Amino acid sequence: GAVVSQHPSRVICKSGTSVKIECRSLDFQATTMFWYRQFPKKSLMLMATSNEGSKATYEQGVEKDKFLINHASLTLSTLTVTSAHPEDSSFYICSAMRDYEQYFGPGTRLTVT
Amino acid sequence: GQQVMQIPQYQHVQEGEDFTTYCNSSTTLSNIQWYKQRPGGHPVFLIQLVKSGEVKKQKRLTFQFGEAKKNSSLHITATQTTDVGTYFCAGPSGGSNYKLTFGKGTLLTVNP
Numbered sequence: 093g094a095v096v097s098q099h100p101s102r103v104i105c106k107s108g109t110s111v112k113i114e115c116r117s118l119d120f121q122a123t124t125m126f127w128y129r130q131f132p133k134k135s136l137m138l139m140a141t142s143n144e145g146s147k148a149t150y151e152q153g154v155e156k157d158k159f160l161i162n163h164a165s166l167t168l169s170t171l172t173v174t175s176a177h178p179e180d181s182s183f184y185i186c187s188a189m190r191d192y193e194q195y196f197g198p199g200t201r202l203t204v205t
Numbered sequence: 217g218q219q220v221m222q223i224p225q226y227q228h229v230q231e232g233e234d235f236t237t238y239c240n241s242s243t244t245l246s247n248i249q250w251y252k253q254r255p256g257g258h259p260v261f262l263i264q265l266v267k268s269g270e271v272k273k274q275k276r277l278t279f280q281f282g283e284a285k286k287n288s289s290l291h292i293t294a295t296q297t298t299d300v301g302t303y304f305c306a307g308p309s310g311g312s313n314y315k316l317t318f319g320k321g322t323l324l325t326v327n328p
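Taken in order, these protein sequences are the chains called B and E. As numbered in our numbering, the first sequence has no gaps in its residue numbers, which increase by one up to the final residue, 205. As numbered in our numbering, the second sequence has no gaps in its residue numbers, which increase by one up to the final residue, 328.
No lab work stands behind these hints: they were computed from the structure. Watch out, some of these pointers could steer you wrong.
To be verified - Here are the computed lysine-lysine pairs in the DSS-like style, where the Cα-Cα straight-line distance is at most 25 angstroms:
hint : chain 1 : residue 1 : chain 2 : residue 2
1    : B       : Lys133    : E       : Lys252
2    : E       : Lys286    : B       : Lys134
3    : E       : Lys286    : E       : Lys272
4    : B       : Lys112    : E       : Lys315
5    : E       : Lys252    : E       : Lys275
6    : B       : Lys134    : E       : Lys252
7    : E       : Lys267    : E       : Lys315
Stated by the list, open to error - Estimated spans, in silico, between C-beta atoms of each pair:
hint : chain 1 : residue 1 : chain 2 : residue 2 : range
8    : E       : Thr278    : B       : Lys106    : 47 to 57 angstroms
9    : E       : Glu283    : B       : Tyr192    : 19 to 29 angstroms
10   : E       : Glu233    : B       : Pro198    : 27 to 37 angstroms
11   : B       : Ala164    : E       : Gln230    : 46 to 56 angstroms
12   : E       : Thr278    : B       : Ala94     : 23 to 33 angstroms
13   : B       : Ala164    : E       : Ser242    : 28 to 38 angstroms
14   : B       : Ser101    : E       : Val266    : 28 to 38 angstroms
15   : E       : Glu283    : B       : Asp157    : 44 to 54 angstroms
16   : B       : Ser181    : E       : Gln219    : 21 to 31 angstroms
17   : E       : Thr243    : B       : Pro198    : 24 to 34 angstroms
18   : E       : Val271    : B       : Lys134    : 25 to 35 angstroms
Said to hold, decoys possible - In silico negatives: residues of chain B with every beta carbon more than 12 angstroms from chain E:
hint : residue
19   : Gly145
20   : Asp157
21   : His177
22   : Asp180
As the structure is a computational prediction, the values presented were derived from the model and not from experiment. Yeah, the Cβ is synthetic: ideal placement off N, Cα and C, and Gly gets one too.
If we strip away everything but chain B, and leave its shape as in the complex, we get (with noise of 0.2 angstroms):
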């Protein structure tokens, strides 16, 4: 059980276009569900808090407008990168809570060229 799947697992877009990437977690229900970043060989870096119902919760430094996430239903949430660039280029990877453990999803790898 607590498998969360993402979708797309790789995207390439073209500079100024907007990507949607969607969490789901499969076999249970998430009321909370997380966005990380990763570089490569370097670690995760939260970028947001994904809250069923509610509006995300963002971190310092990560801007909202540019990270749209919707958190429609309890089995899934979405990112948005919008007008995406190159620097957005990265591995984006989504965890969903059940009790105190993250199950974290596959990862989609974003590529802007």
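Got chain B; can you put chain E on it based on the hints?
Frame of chain B; chain E shown alone:
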């Protein structure tokens, strides 16, 4: 803000050798969690330590939480090639028990 430091950043061992990674927090932690991320994969929860001085074992892995609840260690006995990956410690941050601050991780490589 809270900082979670981890050393070493990299560790290369021969198969069969032991391995230890250390984690230190700038603040006292209510708990500490450990995750493993295989190359190309995503972090997978290993364990959570809550009590001061707690020691937990999972087969060849031994996890310790310091008496002051500011440091922790993960020790692997007799490493195997399947142990390859990055090991992260993480502690609660921002006054929340749910948000985590991750250490930078220790990348373990094992020479067969």
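How the hints compare with the structure:
1. Lys133/B - Lys252/E: holds (13 angstroms)
2. Lys286/E - Lys134/B: holds (22 angstroms)
3. Lys286/E - Lys272/E: holds (17 angstroms)
4. Lys112/B - Lys315/E: holds (23 angstroms)
5. Lys252/E - Lys275/E: Within the cut-off at roughly 15 angstroms; holds.
6. Lys134/B - Lys252/E: With Cα atoms ~13 angstroms apart, Lys134/B and Lys252/E stay inside 25 angstroms; holds.
7. Lys267/E - Lys315/E: holds (19 angstroms)
8. Thr278/E - Lys106/B: 47 to 57 angstroms: holds (49 angstroms)
9. Glu283/E - Tyr192/B: 19 to 29 angstroms: About 22 angstroms separates the Cβ atoms of Glu283/E and Tyr192/B, which means 19 to 29 angstroms holds.
10. Glu233/E - Pro198/B: 27 to 37 angstroms: holds (31 angstroms)
11. Ala164/B - Gln230/E: 46 to 56 angstroms: Cβ of Ala164/B to Cβ of Gln230/E: about 51 angstroms, so the range 46 to 56 angstroms holds.
12. Thr278/E - Ala94/B: 23 to 33 angstroms: holds (24 angstroms)
13. Ala164/B - Ser242/E: 28 to 38 angstroms: 37 angstroms Cβ-Cβ, so the 28 to 38 angstroms window holds.
14. Ser101/B - Val266/E: 28 to 38 angstroms: holds (34 angstroms)
15. Glu283/E - Asp157/B: 44 to 54 angstroms: holds (45 angstroms)
16. Ser181/B - Gln219/E: 21 to 31 angstroms: With Cβ atoms ~26 angstroms apart, the hint holds.
17. Thr243/E - Pro198/B: 24 to 34 angstroms: holds (31 angstroms)
18. Val271/E - Lys134/B: 25 to 35 angstroms: holds (30 angstroms)
19. Gly145: Given that every Cβ of chain E is farther than 12 angstroms from that of Gly145/B, nearest at about 16 angstroms, it holds.
20. Asp157: About 21 angstroms separates Asp157/B from the closest Cβ of chain E, which puts it past 12 angstroms; holds.
21. His177: Since the minimum Cβ distance to chain E is about 25 angstroms, His177/B lies beyond 12 angstroms and the statement holds.
22. Asp180: holds (20 angstroms)
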